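**Student:** Sequence:
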Amino acid sequence: MPEGPEIKRAADELAAAIAGRTATEVFFAFDHLKPYQPQLSGQRVQSVEARGKAMLVRFANGLNIYSHNQLYGRWMVRPAYDFPQTNRQLRLAIHNSAHSALLYSASDIAVLADEQLSAHPYLSRLGPNLLDPAVTALQVAARFSAPQFARRRLTSLLLDQQFLAGLGNYLRSEVLFVARVHPALRPADCTPAQISRLAEAALSLTRQSYRTGGITNNLQQVEQLRQAGVSRDRYRFWVFNRADEPCWVCGTPIIKDKAGGRRLYFCPVCQRQN
81 MPEGPEIKRA ADELAAAIAG RTATEVFFAF DHLKPYQPQL SGQRVQSVEA RGKAMLVRFA
141 NGLNIYSHNQ LYGRWMVRPA YDFPQTNRQL RLAIHNSAHS ALLYSASDIA VLADEQLSAH
201 PYLSRLGPNL LDPAVTALQV AARFSAPQFA RRRLTSLLLD QQFLAGLGNY LRSEVLFVAR
261 VHPALRPADC TPAQISRLAE AALSLTRQSY RTGGITNNLQ QVEQLRQAGV SRDRYRFWVF
321 NRADEPCWVC GTPIIKDKAG GRRLYFCPVC QRQN
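With the numbering used here, the residue at position 248 of the sequence shown is 328, and numbering never jumps.
These are calculated hints, taken from the structure and not from any lab test. Please note: incorrect hints may appear among the correct ones.
[Claimed, not checked] Restraint-style ranges between C-beta atoms, simulated for each label pair:
| id | residue 1 | residue 2 | range |
| --- | --- | --- | --- |
| 1 | N141 | V310 | 22 to 30 Å |
| 2 | Q126 | E303 | 35 to 43 Å |
| 3 | Q307 | H112 | 49 to 57 Å |
| 4 | R314 | Y161 | 50 to 58 Å |
No experiment lies behind these values; they were computed from the predicted model shown. Glycine included, every Cβ here is placed at the ideal spot set by N, Cα and C.
Work the whole structure out from these sequences, hints included.
**Tutor:** Written as structure tokens, this is what we have:
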């Protein structure tokens, strides 16, 4: 599933192609959304915004297209009406005179008036957005220590968009590693220093991933590995997707586990439980 950084980058790409322009045609594949086609076609796109793992396309008439990619959804920006050769199903298209913004394979799509956004079941429950520059490490640390979150396992908490918006599965493993916190712990089990490191890692890694297109490893180390001919899939992460490979810090083989039905990776030495 695309995580917050990937959705924000997709939103940036869409905004460059359609924001500030008139949507000459809007297409929905789902029958229950087709009545909105004439209401949106001919309207100016005001903005494109990422909200956690969801996206909002706002039109000048006060209507918004909400979409969540879930596991398989994918946005593409193409020249106008230049559809790619793909086996994916087109779910939504926003066309203007120069570009087409195409959403494939997603099923969670809705049209909402401005006044409906605050009551939407996903949007209304989102925690602080880690890609919002106004969100600070102190605010994130306070979330970890809050009574409603402190006694939950970190492995489930870090995937909960009500806790922090934008984190996902690869960031979960990376945040825990950089903070040097064992996956079995809860915030209530952590020292103040560990909470501080978790907050800093959640912010810094999410923002670095957004800037770099998904790289969470130390950037100086990444450059050295790149110059040595190491492939991107090998240097991209600290621990995620690196089962049995040596830890970049201590050389211990990385362990692959499962938590909440999702892959989890950690270093048993750098992330000791006690």
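**Student:** For a quick check of understanding: which of the numbered hints are violated here, in increasing order?
**Tutor:** 1, 4
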